[in-house]
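Take the given structure of chain H and dock chains G, S and E to it, following the hints.
There are 4 protein chains.
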Amino acid sequence: REDGIEAVDIATPNFLHYEATKAALEAGLHVICEKPLFFEVEQGEEIKKLAEEKGKIVCVTYGFSGFEMLQQMRAMVTSGKLGKINMIDLRYAHGFGCDPEGDVKSEGQRWRVDPKKVGRAFVLGDLSTHTYYMSQLICPDQKLKQVLCDRQAFVGSRYPLEDNAYVLMRYEDGAVGRMWCSCVNAGDMSSQHIRIVGSKASLEWNDARPDIVRYQVQGEPEQILYRGMDYLAPEAQEDERLGALHYTGLIESWSNLYGRFAVAMDAKNRGDEETLKNLIYPDLEHGIDGIKWINACAESADKGAVWVDVK
Amino acid sequence: REDGIEAVDIATPNFLHYEATKAALEAGLHVICEKPLFFEVEQGEEIKKLAEEKGKIVCVTYGFSGFEMLQQMRAMVTSGKLGKINMIDLRYAHGFGCDPEGDVKSEGQRWRVDPKKVGRAFVLGDLSTHTYYMSQLICPDQKLKQVLCDRQAFVGSRYPLEDNAYVLMRYEDGAVGRMWCSCVNAGDMSSQHIRIVGSKASLEWNDARPDIVRYQVQGEPEQILYRGMDYLAPEAQEDERLGALHYTGLIESWSNLYGRFAVAMDAKNRGDEETLKNLIYPDLEHGIDGIKWINACAESADKGAVWVDVK
Amino acid sequence: REDGIEAVDIATPNFLHYEATKAALEAGLHVICEKPLFFEVEQGEEIKKLAEEKGKIVCVTYGFSGFEMLQQMRAMVTSGKLGKINMIDLRYAHGFGCDPEGDVKSEGQRWRVDPKKVGRAFVLGDLSTHTYYMSQLICPDQKLKQVLCDRQAFVGSRYPLEDNAYVLMRYEDGAVGRMWCSCVNAGDMSSQHIRIVGSKASLEWNDARPDIVRYQVQGEPEQILYRGMDYLAPEAQEDERLGALHYTGLIESWSNLYGRFAVAMDAKNRGDEETLKNLIYPDLEHGIDGIKWINACAESADKGAVWVDVK
Amino acid sequence: REDGIEAVDIATPNFLHYEATKAALEAGLHVICEKPLFFEVEQGEEIKKLAEEKGKIVCVTYGFSGFEMLQQMRAMVTSGKLGKINMIDLRYAHGFGCDPEGDVKSEGQRWRVDPKKVGRAFVLGDLSTHTYYMSQLICPDQKLKQVLCDRQAFVGSRYPLEDNAYVLMRYEDGAVGRMWCSCVNAGDMSSQHIRIVGSKASLEWNDARPDIVRYQVQGEPEQILYRGMDYLAPEAQEDERLGALHYTGLIESWSNLYGRFAVAMDAKNRGDEETLKNLIYPDLEHGIDGIKWINACAESADKGAVWVDVK
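Protein chains in written order, with my numbering: chain H, 1 to 311; chain G, 1001 to 1311; chain S, 2001 to 2311; chain E, 3001 to 3311.
Hints are computed from structural coordinates only; laboratory data are not their basis. Check the hints yourself; a few may be wrong.
Said to hold, decoys possible - Below, computed lysine-lysine pairings styled on DSSO-like, alpha-carbon distance capped at 30 Å:
| no. | chain 1 | residue 1 | chain 2 | residue 2 |
| --- | --- | --- | --- | --- |
| 1 | E | Lys3081 | S | Lys2105 |
| 2 | S | Lys2084 | E | Lys3303 |
| 3 | H | Lys116 | H | Lys49 |
| 4 | S | Lys2145 | S | Lys2049 |
| 5 | H | Lys143 | G | Lys1303 |
| 6 | H | Lys48 | H | Lys268 |
| 7 | G | Lys1303 | H | Lys292 |
| 8 | G | Lys1303 | H | Lys303 |
| 9 | E | Lys3277 | E | Lys3143 |
Only chain H is shown next, with the shape it has when bound in the complex (with noise of 0.2 Å):
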């Protein structure tokens, strides 16, 4: 373009995310979305039409799945490490929700307490989905089958809406998961947890400490892995910068995602595909799958926390 616009990014309120995100495709321009992307997977299908026919792409902010030691999990999972995958263990719930007052005094959550403007959930679409994409980008195997969510509105003008909820998941092949989602789990700092279980050793991760992940074998030492070292995975050395004992923080997510999305970019406008394959980034399909899982556990917990298919 004349103007030398190539990407618009959509930060606004929830419901405004489908109608900007077709302007500027039609526009011509990529897209860079805050999650939750939409509220109907039909939505997100008609978008995905829309943006093969113009070349261009989606790309949905899930902020946290820049961190570097993500990739070391995902290469140590699909490289056979922990053996099956039997636990998926998801958990993003603080505590800043607790006090009412925040839904009416702060206009940054006024509007994300209001179904108009987020639809079916608060929670759910607000934190877990972030949570649920990075387990998706370790387990890229893992397809999810079904969900019960149990939720809750503790704060009691949120209903419909919760402020807390409880997940059970299955998925294809046998494994299982867990995921709480709350802004009600008073005092807690530990912000966003993932541990992933399989059959001989197990993989921890939390987003206050980003730089390290917790290796543990059944029947040995537990192994402290740290950013930026040697023994790491290449995946988890390509978005180096600092050097060990540099710690990195959310900022530094934000930037290596960021640099993969003008990457994927950089692709799609020079029609390499197989670049666009093989990069790891949250693209329109996640955020797909971001709207299934939304749907599918708002539809569980509606229906009185009952099993119901993610589709």
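Then chains G, S and E, alone, in the frame of chain H:
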């Protein structure tokens, strides 16, 4: 009695608990029995009647429940420091059952995976009853209403028993909870975790560091409380022997527990119902609660992981 | 200047700092220079005079000193929360110099072990000046009086430079301190530690988790303070961008530091001495303090680890 | 003896240890004595002669030294897993002496700050001897050559005794070390720390979590070893009773220690010098080493914190 015997400690495999307890009571002895107590609630009710007739008590060896900091948590919960209790998050999930060989080679393990000897559950009975009792000790006012349990035998030979179980809980007053019990949580050495979340603050405890409790008030600095300190509630100082900085382990928990059993037996012998009523220890009622817990979980799981009432 | 250049950032090996700084000042530029600043205090004094003449400032890149929680520690120390400061315990001791090969193979390492290029010290200059400056930032009223330093070259080829040093400190008001700096502390990834002990409470910080500070009042529950929270001192919130739960790393520290350099340069340009006086950042005086520190340590060590005055 | 008494346990204030030990030996009893043993090395030598004459042993209650993981550390150090030992970093520094009132009010504290009853040192004798002995247990081949000690009485009424001391150590083979002992380290509950640094790896232990050891090989993932596991050295499994996942505390350390004392006494009674020689426990020689340690530290401090030979 002439022989000076006052009590019998039953540490047999589960299927022998009922007969042995009955015989001991009929022989005029107090009973200390391993968990889970019996297979059926009816057996518990029958034993209760028998114990009353004989003027004896039945104590249950929930061996981790003697840690002093659990009393601190109870004191803080019951005095309202957390606000209204909203969530009870429990976990007893290790990985020492990852290797199927253990089921055959280890005598201590062999009967635990034999339905004839353990009844309807493996880890739900062997592990989760501990943590469940501790949650009752800490939150005495929470009445469990419904459970939903999804269980698996990741080591297939254990079927129809489970080596992993996810439980969701609903309490009568609207609180919810989770339990994860497992012996195939590969490599995890962190043992039991208890997190109690109230409307304004949370408490967290882990039996790998039993002398500390994390107290997290939303919006305030996180606090760590240590055993043996003057700032603790009197109930948390009752069993104190070593003094601060001298850390305790499982043996002290057992020791505190047996100390309380002795006080209870003595009170029963003297007809001192006041002492008995105020003494916090795992008694026959708690043992029966454990049976209800296991059976409700097993029933839920067997029906496909649906909600069932606890009764 | 016509070319728009306002400042130069000197990141050369140490022996070039003095000439480069002098040239930059004479060219009418502000200077940002790597630590340790120069080899001799006299050079520092000369540069100070030159900078005053030219109306320019010299900033020192103590790159870890931009972490927000250090400002929190300073606020707590200077407002008396700890009582009288008795001890300052410092550590910057990693193990990345264990392998002597690195001295030869790594270009970044080679000049660091060459006395001609680094002067009288290796790790004392390369590592300990960071942590020493941070201790001054936190405890601005502590004046160092005497040091005693025992240093070793465990990799013998580094002699007469050291790869490990123990320093004891005595402050003017009776406080004492310790520093351990090392690149042969095999396997340690915990990086820098700072512990400030007062007559009634202590503070502890570690750059592997830079967003938390432990605040330990004797006889009270330990407290953990988190970056981004409202309960922090205003000084610790000045540089806040991400918000609580979003953890930061070294890049944010550098960013905060350069932000402060920019404010300082602008204030200098405008003749705003009030702003300059109140702004906390590593300036030329702190750079000269670093030279004094290194030289006093080296002198002490060379005399057999005896007490020497810092001057 | 007809009365069946075999040994006496001396837990009096320090100044009575010598007379009581002498009397006990002369009465034909083995002795278990509190640390620090006596005030003068000469007393130790005299008692040694007397014990030999009487065919009895003197054990010293370094009560933290029975933890099983210390045996693991010794096994790893002596088998060369760390390479050449370069540094020994020790710390026993709490804050329970911050309040001067305790010196007056607490009977247990009052004699500890009275030079007539404790000799030349307060915390150096009361605390540091523990950790120093444990370092000898772990590194049996390190011979201490020189110490330098700077000590303070931050609570002035304790002068000329110290409530805080920094010690630097030099060992015969070139290794160096540090000790920090204190009772005015306000708010610290982390108790004793031991870090052993070798040319290629380090070990770290802390008595607040006595069942784990960190094993850090430079350039490899950090490892955490747990008590009770099969991968430990046989020496670390000798005293095992509880099994993995069941964590131990100070009482188990004492129990292991007394078990070893019993074995030593029995071996002495039977004239089994082979067993005695191979058994690891704090004996009279270690008690005398403790006296040497305290006196060298006190001498150094009294001369203004200069290097003195340990003899």
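Going through the hints against the structure:
1. E:Lys3081 to S:Lys2105: holds (26 Å)
2. S:Lys2084 to E:Lys3303: Between Lys2084 of chain S and Lys3303 of chain E the Cα gap is close to 26 Å, so the pair holds against 30 Å.
3. H:Lys116 to H:Lys49: holds (26 Å)
4. S:Lys2145 to S:Lys2049: holds (25 Å)
5. H:Lys143 to G:Lys1303: holds (24 Å)
6. H:Lys48 to H:Lys268: holds (14 Å)
7. G:Lys1303 to H:Lys292: holds (26 Å)
8. G:Lys1303 to H:Lys303: Roughly 17 Å separates the two Cα atoms, so the pair holds.
9. E:Lys3277 to E:Lys3143: holds (19 Å)
Hint compliance for this structure: every hint is met.
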